[in-house]
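**Q** Produce the entire structure from the sequences given, and follow the hints as far as they go.
Note that the working numbering has the sequence shown beginning at 1, numbered continuously upward.
Fair warning: there could be bad hints in the mix.
[To be verified] With beta-carbon atoms standing in for the labels, derived distance ranges:
no.: 1; residue 1: VAL87; residue 2: HIS54; range: 31 to 41 angstroms
no.: 2; residue 1: SER57; residue 2: LYS31; range: 44 to 54 angstroms
no.: 3; residue 1: GLU70; residue 2: GLN34; range: 19 to 29 angstroms
no.: 4; residue 1: GLU70; residue 2: ALA110; range: 17 to 27 angstroms
no.: 5; residue 1: LYS24; residue 2: ASP94; range: 40 to 50 angstroms
no.: 6; residue 1: SER57; residue 2: GLY130; range: 45 to 55 angstroms
no.: 7; residue 1: LYS24; residue 2: GLU141; range: 42 to 52 angstroms
no.: 8; residue 1: THR96; residue 2: ARG60; range: 21 to 31 angstroms
no.: 9; residue 1: ALA111; residue 2: ARG50; range: 24 to 34 angstroms
no.: 10; residue 1: GLU97; residue 2: GLU18; range: 37 to 47 angstroms
no.: 11; residue 1: VAL147; residue 2: LEU66; range: 30 to 40 angstroms
[As the list claims (entries may be wrong)] Derived SDA-like pairs (lysine to any residue); straight-line CA-CA distance at most 25 angstroms:
no.: 12; residue 1: LYS100; residue 2: ASP77
no.: 13; residue 1: LYS113; residue 2: ASP81
no.: 14; residue 1: LYS31; residue 2: ALA20
no.: 15; residue 1: LYS64; residue 2: TYR3
no.: 16; residue 1: LYS64; residue 2: ARG104
What the hints contain is simulated information worked out from the structure, not anything from laboratory work.
Glycine included, every Cβ here is placed at the ideal spot set by N, Cα and C.
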Amino acid sequence: MVYFQKMTPEGYQQIEDEIARLKKDRPRRIKILQAARALGDLSENTEAKRDLGHLQSRLRYLGKQLKYAEIVKAEDDGKVDLGKTVVLKFDDDDETEEYKVVGRMEADLAAGKVSFDSPLGQAIMKKEAGTTATVAAPVGEYQVTIVEVK
Numbered sequence: 001m002v003y004f005q006k007m008t009p010e011g012y013q014q015i016e017d018e019i020a021r022l023k024k025d026r027p028r029r030i031k032i033l034q035a036a037r038a039l040g041d042l043s044e045n046t047e048a049k050r051d052l053g054h055l056q057s058r059l060r061y062l063g064k065q066l067k068y069a070e071i072v073k074a075e076d077d078g079k080v081d082l083g084k085t086v087v088l089k090f091d092d093d094d095e096t097e098e099y100k101v102v103g104r105m106e107a108d109l110a111a112g113k114v115s116f117d118s119p120l121g122q123a124i125m126k127k128e129a130g131t132t133a134t135v136a137a138p139v140g141e142y143q144v145t146i147v148e149v150k
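**A** So, in structure tokens, the structure goes:
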């Protein structure tokens with residue numbers, strides 16, 4: 001059975017953009033390796049080989065991410081789901097924060113993107129505005145109230 005990674009259309013596009021950028025950079029790295037080989041510099045040769053290997057490995061990894069991606073488009077049903085933005089009120093400090101619910105590979109809390117399968121994501125998925133959810137985090141439980149679903 002093949003397991004598909006859920007992601008937003010934006011996340012899919014980001015991966016495509018990174019692949020294009022890496023493919024564009026590949027010829028430059030090959031030239032660096034060829035130049036190092038021509039000079040017979042073993043230390044430069046090893047470093048250039050490693051850099052090219054990392055680039056090719058990243059391309060393979062990203063290619064698999066696209067191959068096994070399941071693009072999920074948000075429905076306008078008022079419930080928290082992949083691709084939607086939510087405003088949450090953390091009950092322990094009365095602050096609100098805005099997060100976009102994304103796939104596992106797109107998650108980046110610093111950028112306001114929370115994974116649908118993280119403890120927070122799992123607690124709020126498929127719930128409507130006005131609902132209070134209990135988040136079972138590794139450091140303990142806490143309460144969040146969904147203020148708005150965009």
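**Q** Given the hint that LYS100 pairs with ASP77, does the C-alpha gap stay at or below 25 angstroms?
**A** Given that 25 angstroms is the threshold and the Cα spacing comes to 16 angstroms, the pair holds.
**Q** Could you check the hint for me, namely that VAL87 and HIS54 are 31 to 41 angstroms apart, CB to CB?
**A** holds, 39 angstroms
**Q** Look at the Cβ atoms of VAL147 and LEU66 and judge whether their distance stays inside 30 to 40 angstroms.
**A** Holds, at about 34 angstroms.
**Q** Within a Cα-Cα threshold of 25 angstroms, do LYS31 and ALA20 meet the stated pairing?
**A** holds, 18 angstroms
**Q** With 19 to 29 angstroms as the target window, see if GLU70 and GLN34 comply at their CB atoms.
**A** violated, 40 angstroms
**Q** Next pair to validate is LYS113 with ASP81; report whether the Cα-Cα distance is within 25 angstroms.
**A** It holds: about 13 angstroms lies between the C-alpha atoms, which stays within 25 angstroms.
**Q** A range of 21 to 31 angstroms was offered for this pair. Does it hold for the Cβ distance of THR96 and ARG60?
**A** violated, 41 angstroms
**Q** So if I understand the rule, the pair passes when the alpha-carbon distance is 25 angstroms or less; does LYS64 with TYR3 pass?
**A** Distance of about 11 angstroms is within 25 angstroms: holds.
**Q** Between SER57 and LYS31, is the Cβ distance one that fits in 44 to 54 angstroms?
**A** With Cβ atoms ~19 angstroms apart, the hint is violated.
**Q** Determine whether the Cβ-Cβ distance between GLU70 and ALA110 falls within the hinted range of 17 to 27 angstroms.
**A** holds, 25 angstroms
**Q** Just to be sure I understand the hint, the distance between the Cβ atoms of LYS24 and GLU141 should be within 42 to 52 angstroms; is that true here?
**A** holds, 47 angstroms
**Q** Please check whether ALA111 and ARG50 have a Cβ separation lying inside 24 to 34 angstroms.
**A** Given about 29 angstroms between the Cβ atoms, the range holds.
In this structure, the hints that do not hold are numbers 2, 3, 8, 10, in rising order.
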